[in-house]
Amino acid sequence: MSIPLDFEVEDQFFACAPATKRTKVIGLDDLLADYYTQQNKVLDSACVSSHVSKVDHSEDEDDRNQVGNEVKFIELANECEKQMSQIIAEQNIPLWGQKIFGQQKSPPLFNHSELKDCKLLEPLSQCTLGANFVYSDKGSGWAYLEELLVNGWLSQLSFQAGFVEAAVASWTFYKAMYSSVEDLQLAACDFWCRILSSKTESGQPSVVLEWAPGYHELKEALVAFGYLSNSSVNGTLHSSSSYREASSEGPPLNIQSWIKILSTCFQFRNFQTFFSASEAEEFLLVVIRLFLERQLQGLLHCLTGCMQSIMSSFTVEEWDVCCENVAQAIADSVPRDLNCLRIIECISGSSTHHRRLMSRTAIHMLGIIFAIKVTDVKGILKSLVSIQVKDKECKFLLLYICLVLFHSWLLTTDDSVEKRAVVLFTWNKFLRDCSCNISSTDWRPYASKVRSKASYLLQTFIL
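All the letters of the sequence shown, read from the start, carry residue numbers 1 to 463 under UniProt numbering.
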């Protein structure tokens, strides 16, 4: 069986012996290739381990950065909250305003006398209908007189007759002060203003008054209005809503008639003396304090005119004494807040009396703030410039008020040029410190306003 068959011998496939496997010879190139392959594997494993370690380190660094960012965010949020609280604190500073009127009282009783003997109404007796109304026993005569007053006929009768009897004069004044009917009280006020302001060509009054309101009548009306003369019971207004809680409190509508009649009385003090100097001084203080009543802002023009009329009635000798008394009384009654600036703004003017009153009021307020005598101006200025604006506890609102007050005094003072030069040098230096040492990013209440005000005043005064 081991002998091949004939066809197997002839087949070349079986004829060729299988080739023996040769052993491969490892050369230098193969060794180098293996070496570099191993090196690459080592480098790859090192890179992988390095990448893993870097990932671990980057995660730790990210954690640290996240914690740092959270801390910075908290600090920033706290700073923003602090600034917002400072801004809100400035907005919460109460506005100017003082409670001048309290509970209103009942008006005094008026004694209605008979109109039968009224000479002013004699022309009406010629008319049967008018006579029936005037001489009626049922009191309709006064109602008829009200119609004459509202329609303006009563003033025409007064100008025609040239006099006003005491009964009619006191009755019209009572209606102007205490009537709750608006048309009637305005007509009565207009009646008195026309009668008091009327003059002849020679400067004499056109109408002779048998009765005229004096200090007692006007003061009695003021008391009935609920005027609070004692500064210790006056409350500063912190909100307009709380001020409207009591409907029976606050100034009545008749206060406008009171102001107009008072102003007219002082305008024509030259031909009839209604008040003494001390009484005029008291009424001037009342009118100035009315500027602090927020509900009387619509009567600002009337109040200003009334104040000017009272101030103009003083002689130079009287004003030297009264101005000091009024300034001291105002400074004592006004709280140390924005009410000070409101008063200074309202009493400012171009006349000599206005300038002196503003100067004395401002220096009296500064004297109370720093507890220094008003005669020691250098001491007041020294206390003012000693305020450190960089101090965290600096009260910028009070500093702002002091800047305005001292500026008002400096504008209207009568000191000599030498004294002003010394004061101006210290004043300008302090203004420069305020404008430079207060940062524009200082959010403390009134810090920016002090900085702006100091910069403005620094440009106003030039040595």
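Don't read these hints as lab results, they were simulated from the structure.
Warning: the hint list may mix true and false statements.
[Claimed, not checked] As a list, the in silico DSS-like pairs of lysine-lysine whose alpha-carbon atoms are at most 30 angstroms apart:
id, residue 1, residue 2
1, Lys-419, Lys-429
2, Lys-72, Lys-41
3, Lys-390, Lys-72
4, Lys-453, Lys-390
5, Lys-99, Lys-41
Results for each hint:
1. For the hint pairing Lys-419 with Lys-429, the CA-to-CA distance comes to about 16 angstroms; that is within 30 angstroms, so the pair holds.
2. For a cut-off of 30 angstroms, the pair hint linking Lys-72 to Lys-41 is broken: about 46 angstroms separates their Cα positions.
3. With a C-alpha separation of about 26 angstroms, the suggested pairing of Lys-390 with Lys-72 holds against the 30 angstroms cut-off.
4. Annotation: proposed proximity of Lys-453 to Lys-390 holds, straight-line Cα distance about 17 angstroms (limit 30 angstroms).
5. Distance restraint check for Lys-99 and Lys-41: the Cα-Cα separation of roughly 93 angstroms exceeds the 30 angstroms cut-off, and the hinted pair is therefore not satisfied.
Comparing the model with each numbered hint stated earlier shows that hints 2, 5 do not hold.
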